[in-house]
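Peer 1: The working numbering applies: residue 1 is where the sequence shown begins, and numbers increase by one.
Treat the hints as calculated values from the structure; they're not laboratory data. In this text, a Cβ means the ideal position worked out from N, Cα and C, and glycines have one as well. Take these hints with a grain of salt, some might be off.
Cβ pair distances, simulated, as ranges [what the hints assert, rightly or not]:
# : residue 1 : residue 2 : range
1 : MET772    : GLU462    : 44 to 54 Å
2 : PRO463    : LYS617    : 17 to 27 Å
3 : PRO343    : VAL271    : 35 to 45 Å
4 : GLY892    : ARG1057   : 37 to 47 Å
5 : MET772    : PRO959    : 45 to 55 Å
6 : MET632    : ILE700    : 25 to 35 Å
Pairs of lysine-lysine, PhoX-like flavour, derived with a Cα cap of 25 Å [as the list claims (entries may be wrong)]:
#  : residue 1 : residue 2
7  : LYS410    : LYS421
8  : LYS617    : LYS466
9  : LYS337    : LYS384
10 : LYS873    : LYS826
11 : LYS428    : LYS337
12 : LYS285    : LYS299
13 : LYS891    : LYS976
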Amino acid sequence: MIGMIDLINGVILTSVVIRDKAIVQTHRSNSNQESGAPSNKLWYDSRFGCERSRIRSPAGPILLPAFDRSGKLILSSFTQRLFVALREWTSKSYLIQSRQAARVMDLTDTEFSHQSALSIAKSAIETSLKDCVYNRKKVLDWSNALVAAVLLGLQSLNKPLKYAVTCVLMQKTGAGLVTSASCFWDPISDGLCTVLWENATIYCIVTVIPSQRHKVMERPAELRADLQPVYDALSIKMQHDINCISDPDRHLRRRSLEKLYRSLHGSELNVHQDILREFFRCNLKKPLLSCASADPIEKCRELSLQMIGHFIEKEAVTCTQDDLQDLVNLLHARLGKIPYPEPTEEIRLLILRIYTEYMRKIAMQEPLISLRDVISDICNALGKAALDPYPDVKKAVSECIIVVSKHWPKDVKLQLGTVIKPLIGNLKHQHSRIRVYTLQAIQQIIPCGSEALPLIFQELLEPALKKLMFDNAPAVRKQLNVAVATWMDEIEGSKKYHGILFPIFLSAFVDESTDVRNSGLQQMQKYSEKWMRRCSDGEQESEIILDEAVPILPWCDDVDTLQGSRLLAISILNDTTMNQFLEKTLDWTIQVKEKYLKISGVYYALIGRHVNKYLEKIFNALSTVCQHEEPMIIDAVRQICIIIGKHADQELVLSSLIQMLSGKKTGTDTSHHRARGLTLLGMTIEGMDDFRDQRNDLNIVLEALTATNQQCSDTEALGELAYVIASIIDKIASLILTDNQRIFKIFWILNNIMAVSKVTSSAYGSAEDTLMKISNATNESVQQLYGIFQQQLLDGMHINTEKLTRWDKSDREYLLFDFVCRRSGKFVADNMEKLIPAILLHLDSATEPSLRLAFLALLQTLLECENSRMAFKVYSRSVILEGITPNIIWKGGREAATIRKVAMACLYTIFRHQLADQSCLFETAPEIFPVLKSLLDDFDANTRHLVCLTFEYLFQALPGRLGEEPVHQLYSELLKRLDDSSDIVRKAACKTLIAFSQASPPEYFAGTVIEYILNNLFIHLDDPDVSIQSAIFEVLKHAAKINAALVVEKAKENQSRHHHVLNP
1 MIGMIDLING
11 VILTSVVIRD
21 KAIVQTHRSN
31 SNQESGAPSN
41 KLWYDSRFGC
51 ERSRIRSPAG
61 PILLPAFDRS
71 GKLILSSFTQ
81 RLFVALREWT
91 SKSYLIQSRQ
101 AARVMDLTDT
111 EFSHQSALSI
121 AKSAIETSLK
131 DCVYNRKKVL
141 DWSNALVAAV
151 LLGLQSLNKP
161 LKYAVTCVLM
171 QKTGAGLVTS
181 ASCFWDPISD
191 GLCTVLWENA
201 TIYCIVTVIP
211 SQRHKVMERP
221 AELRADLQPV
231 YDALSIKMQH
241 DINCISDPDR
251 HLRRRSLEKL
261 YRSLHGSELN
271 VHQDILREFF
281 RCNLKKPLLS
291 CASADPIEKC
301 RELSLQMIGH
311 FIEKEAVTCT
321 QDDLQDLVNL
331 LHARLGKIPY
341 PEPTEEIRLL
351 ILRIYTEYMR
361 KIAMQEPLIS
371 LRDVISDICN
381 ALGKAALDPY
391 PDVKKAVSEC
401 IIVVSKHWPK
411 DVKLQLGTVI
421 KPLIGNLKHQ
431 HSRIRVYTLQ
441 AIQQIIPCGS
451 EALPLIFQEL
461 LEPALKKLMF
471 DNAPAVRKQL
481 NVAVATWMDE
491 IEGSKKYHGI
501 LFPIFLSAFV
511 DESTDVRNSG
521 LQQMQKYSEK
531 WMRRCSDGEQ
541 ESEIILDEAV
551 PILPWCDDVD
561 TLQGSRLLAI
571 SILNDTTMNQ
581 FLEKTLDWTI
591 QVKEKYLKIS
601 GVYYALIGRH
611 VNKYLEKIFN
621 ALSTVCQHEE
631 PMIIDAVRQI
641 CIIIGKHADQ
651 ELVLSSLIQM
661 LSGKKTGTDT
671 SHHRARGLTL
681 LGMTIEGMDD
691 FRDQRNDLNI
701 VLEALTATNQ
711 QCSDTEALGE
721 LAYVIASIID
731 KIASLILTDN
741 QRIFKIFWIL
751 NNIMAVSKVT
761 SSAYGSAEDT
771 LMKISNATNE
781 SVQQLYGIFQ
791 QQLLDGMHIN
801 TEKLTRWDKS
811 DREYLLFDFV
821 CRRSGKFVAD
831 NMEKLIPAIL
841 LHLDSATEPS
851 LRLAFLALLQ
861 TLLECENSRM
871 AFKVYSRSVI
881 LEGITPNIIW
891 KGGREAATIR
901 KVAMACLYTI
911 FRHQLADQSC
921 LFETAPEIFP
931 VLKSLLDDFD
941 ANTRHLVCLT
951 FEYLFQALPG
961 RLGEEPVHQL
971 YSELLKRLDD
981 SSDIVRKAAC
991 KTLIAFSQAS
1001 PPEYFAGTVI
1011 EYILNNLFIH
1021 LDDPDVSIQS
1031 AIFEVLKHAA
1041 KINAALVVEK
1051 AKENQSRHHH
1061 VLNP
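Could you build all of it, start to finish, from the sequences and the hints given here?
Peer 2: As structure tokens, this is what we get:
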């Protein structure tokens, strides 16, 4: 049997070999416990007819016993190979340190006692075997007990040695047993002890081979006497694994590190802190640092760093300049250049966390250790590590920079540029949490200062910060506000950076996130208190006077707490600051434009009346974006104008905007520029809560709007004009509604807007709403307002002059005339005497066809209007003869056809509403009958339909009055309409024939006329359309009143000819 034990590690390895069918096993147990049942892994060896198992040593080679061909154990060969393996195993790691160990250890303690080993082996054999008879089933138990007893006895010697124990058990059969063994390393500490024993049935050979443990143990410098034994025991127990950290075998190094790591988290190292500190300093610091910085195996480096971190956490690493230098060397060696010497990102993260934790520990001790000698290496390593693609490494770098900058600002100042550039690059990282941590690091490091700080701000920091204003993550924008507030307070000579930082700081107040806005308000209140103190201490060069009126800030209830911020805003007010705001409002991106417009509004609210100096600049900039297609931009401009209207001088505001409306500046005399001015005027008036008319400002504004109204024609300008009027009514209605002259100016402008605009346009809707507000405020209906201001309206349209002027279709007077006439029938009825000449003037053939058509459409509307139609009775003859008849005469062309159709609609409406009496009909019939007759063949079905309807009402208005000549001229033309391509016209013709039969005496139809009419009627009575049959049948019934006998006769003649059954 072969057994090996490491007393320090407490590991037992036993091997058993039995003569017939030899069994080989492995067993591991703790030396302080009894051996448990062995676990066997066997396989059958066909060469020797026996079962075998692999022996796996923790750090040594695999050993198998040797047999001859007859199955006998060749012990000498096996032992020889065992010693060779042990020599190779131990010499690599321990031989180098043997001379150092000899100088430190007491030679008496390491001397091997041959006599003691011999006594222990004999005693163990006698105890285990004695008078036992060979029994194959008990051999395994005997071997375990024998080896355990020998190893236990050797352990009691308390020697710093390792032991290899071999045991051979064989059945005694008379063949005899011969073995040999030899061993030599060191004549003092190493040796060999062999015991041969036998009884009647068993041979037993036990061999003990000791070897020296090698370690140079450093004694603790200062340790209490009562702690020294615990320290010594801990050092002896851990020494083997500590030695193995530097072993060439990577597996051995890893296993040793893993065992040490487990010990750290177990109860073995739960000792006094002084012991732990001295144990790390004397035994572990150098091996662990060496392994962490140079071991090629990733797991070994990781375990070493984890143990270093554990000792730092337990405060077992001293906060001295030497330890700091060691850790800085590790940091710089593994992270100080690119590509990183440390290839594993998790280990790079671990290094940074360990170093950060150590710096926190150092920062808590007094006095504080200076970093002047190592700051360059620290900043170089952190700057390189900040470029690491691994996000957690970037976070760890930021945390480390925060710690170092907070406690060693003067040292960091020397190397600020080395770190700041990589950090600013990390502000573009895709993970928001990395951007937040980076901002926190920059927030802490910037106040450290540097001679190059102005250049850093200009070239690196300012562009990056302005981009962060638009970051998608609210947490980043919140941290940006905190950082900027900190810099404005803590940077040495921060005043020169206020112009850059304050707009960025104000961005929090226009943020869409409530959390960001609240954070910004908290920072502003905190900063305001400090700024007020600075102003009271006389830091400000000139006195700053705040407005008496407190600004209204929707995001702050207690404005008094912001006095300091208002002072700061005023102190940085200059051309450069104002240009910075205005230039960004012209940015081509919507997001930037909107953000800076909102920030500008906050700034203008803070500076109050001091904005007067820059009104012209502000309005010029706002005019370029006030009509932007994006609603969010328009809303931002509106907020700025409301703020200006609230705080700026009213006279200066109105003067600037009216000048813009007048178009006096070069290149501004266009409708587009006036529309912009109107937009800004309306928005600004919204903010004038206390409009003052001390200098007749309102009349000046109304006159300017009236003049602008005449020059505005496009929808955009009209919409803005309507908006301005609405703003005026909303804000200063009390100054207008008490003066009829001012009401009429508003009324006139609103009517002009609606006259020019489409009904569906926003300008029309806004103007109509405002007109209703005026009506409600004055307790007068809209129709009554037209009656009140009818004379002013007529004068404005130049209707009451002796000589009328023919309008063009684009003339503003015509558009207003058309609108007012359509909107107010009562106005038309009351002023028909003045309006009819203008209508007839534009209905003669000399008028442009399109305008003539427009007036015909207006006439049709007025004839249909209940309030105005009866006023036409007096003028029906003139309208029919002078206005309608010339326009229904046939002319070629599509436009002429449309005019005829509309004119026929007007004539039909006059007859349908009985607006022409019989005297008028007798007078106009000779003129219109030939024209209407010719239109029965018009190519437009609608016109033919209207002609039929007109004849119907005309015949009904003249019952029995139609002469014989008209009957003879009209009957054949009317019968032709029964063959019309349009069923609507055919049905209308049937009704017309009925009225026609009643318009003359029966004798006028006698003879050929009635016979021809009946022949045609019976032909169409066979129409497949039932509705046509019914209409024709009605005509036949009225024809029977003229000549019933002839109708019956014609009916009999056609009875057999019809194919369709009549369903009357």
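Peer 1: Hints first: check each against the structure and report whether it holds.
Peer 2: Okay, the hints, checked on the actual structure:
| no. | hint | in the structure |
| --- | --- | --- |
| 1 | MET772 x GLU462: 44 to 54 Å | 53 Å, holds |
| 2 | PRO463 x LYS617: 17 to 27 Å | 25 Å, holds |
| 3 | PRO343 x VAL271: 35 to 45 Å | 36 Å, holds |
| 4 | GLY892 x ARG1057: 37 to 47 Å | 42 Å, holds |
| 5 | MET772 x PRO959: 45 to 55 Å | 49 Å, holds |
| 6 | MET632 x ILE700: 25 to 35 Å | 33 Å, holds |
| 7 | LYS410 x LYS421 | 19 Å, holds |
| 8 | LYS617 x LYS466 | 23 Å, holds |
| 9 | LYS337 x LYS384 | 6 Å, holds |
| 10 | LYS873 x LYS826 | 15 Å, holds |
| 11 | LYS428 x LYS337 | 22 Å, holds |
| 12 | LYS285 x LYS299 | 18 Å, holds |
| 13 | LYS891 x LYS976 | 22 Å, holds |
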